[in-house]
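Colleague: Order-wise, the sequence lines are chains A and B.
Start counting the first sequence at 1036; every next residue gets the next number (my numbering).
Start counting the second sequence at 175; every next residue gets the next number (my numbering).
Because the hints were derived from the structure by calculation, they are not lab data.
As the structure is a prediction and not an experimental result, all values here were calculated from the model.
A few of these clues could be false.
Examples of chain B residues toward chain A, derived with CB under 10 Å [stated by the list, open to error]:
| no. | residue |
| --- | --- |
| 1 | V255 |
| 2 | W392 |
| 3 | L393 |
| 4 | S395 |
Have a look at the derived ranges for each label pair, beta carbon to beta carbon [to be verified]:
| no. | chain 1 | residue 1 | chain 2 | residue 2 | range |
| --- | --- | --- | --- | --- | --- |
| 5 | B | K402 | A | P1097 | 27 to 33 Å |
| 6 | B | K309 | A | T1079 | 28 to 34 Å |
| 7 | B | R546 | A | P1097 | 46 to 52 Å |
| 8 | A | D1080 | B | E433 | 26 to 32 Å |
| 9 | B | S436 | A | K1167 | 49 to 55 Å |
| 10 | A | N1162 | B | Q296 | 40 to 46 Å |
Just so it is clear, CB atoms sit at the ideal spot from N, CA and C, and this is done for glycine as well.
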Amino acid sequence: MTRKMLRYPLLAAGVAALFAAATDTEQALAHKEKHTAEQMQAFTDAFMEQVKTGDNLFHGDPETEKRLGVKLSNTGMACAMCHPYTSDTHPHEFPKYQEQMSEFATLRDMINWCIEKPNEGEKIDPNGAAMKAFEAYIYWSNRNSKLDPGRH
Amino acid sequence: MSERKRIGREMEDKQRAVQDRPATGTSITRRTFLHKSLLMGAAGAATYGWFPLLNTIDLAFGAEAFKFAWVSDTHLYPRQVNSRFVEKTVRAFQEVQAMRPAADFLIFGGDLAQLGDPVELQVGADLLKEVKIRKVFIPGEHDWYLDMGATWNRMFGKSPWTFDHKGVRFIGLDTVSRADDFWTARKMTAKERMGHMATLDGTLGGAWAGLGMEQLKWLNSTLASWPKSDPVIIFSHNPLYEYYPPWNFWVRDWLQVHEILSPYTNVTNIHGHTHQVLYNEIGKLRSIGMLATSWPWPYAPEGVPTLTKAMIRADPGDHFDGVGWSTLSTNAGGRVDNEYKMWRKQVFAESPEDSGTSDNRNQILSPRIADRI
């Protein structure tokens, strides 16, 4: 089969796949429609659910840790013990050069550093559910701070 | 300005009359000199809390010198859960015992345990055997809310108390036992109640720190016979002024406390709970915040008292950093110095970058929400 002959079936398969994707991911096209109040509420609820999960993880709630399969501390310490109200987590200052790690770091890197070093816990998947919840809570709590990446 | 802040400011204005300051010694020290500059409006650095301040206390009393030591906020868990806090507590107690000349007594300022567990309190009692000098105790909220102080009172005695020592009237208060009952209606277990009270930024505990009417009356009558210009040192777990109420960095009835103390010109409050270098003066009352041995708290989001020279930013990778204890000593001239024993050379930050407090201007925080049940 020549390369030219291969092109048409491939193109057809691509178009079919696009249609399939469009049917499967109807929500992806939803922003073309006007948002309803219900939708907006659903978006907020989905976010705040993550915030609450992150809040619970941050305060060492054993049930939430168990549900998400993470072990954040082996010292009895929880994040909030050094960071009440998420003080001094500074999500608005990442990414930045982080002294403790001697490298350029994201907030996710820093969260894992704190879990591993001071808390002697087990690092979590940087793209996992627990990390997303942590991010949601920390960003939410600092949402009125001014964005200032790179600041020490 | 928030309602809370407005009320706080009004209360402070009422208390802090013009040139109403704590009595000082006859000599002009670096501290009093700088304070006078501040009153003249000359110390612009104070705007950012950068104030070359030594936490010295001037006590205009007799010539007999003595020292005492403060340790608090050890937050001990059972030994197998957390050995770091045990190590640091042992280090502090060994250093207290090794003081030469020996301290006249040790004041333990509360939060010996993390979750009020009798096992934790017993670990504390065992470690305290290292210290052979006289020991006096006041409770913290972490010692209290599992069994409402039953084990604490049995092991370490009830508060408040008072004694006179070498010309100073010492008073130990209970500022932790008067939380409003949030647990009965919610059918909480004792452990759940303790868990909420042990969370500094928790919602349910509310404004739990306070003396209560009965103790205010006791304080008033205890001081009634004491000469107005003689030194008084008051130990409390929480600070006796309004620093940051959401974390109970205050007592809720501080205005009444100040009204009772206002006739006395030489009163020093030494407190725990805040886990940080802290100094303030409200009216004639000085307050000095002590370090924890366990971990340092960040400074309050709304900033530190202007008179505080901020502590150095702690290294979170070194659990012996940013923590420690204090010696307080008098010399023959009748002066007392507070010396923070922080287990590092530099205690005070020389610039905002080295303290972390400059971030207070660029972090706006929200209270937690997941515990509003």
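Colleague: If you check each hint against the structure, which ones fail?
Modeller: 2, 3, 4, 5, 6, 7 and 8
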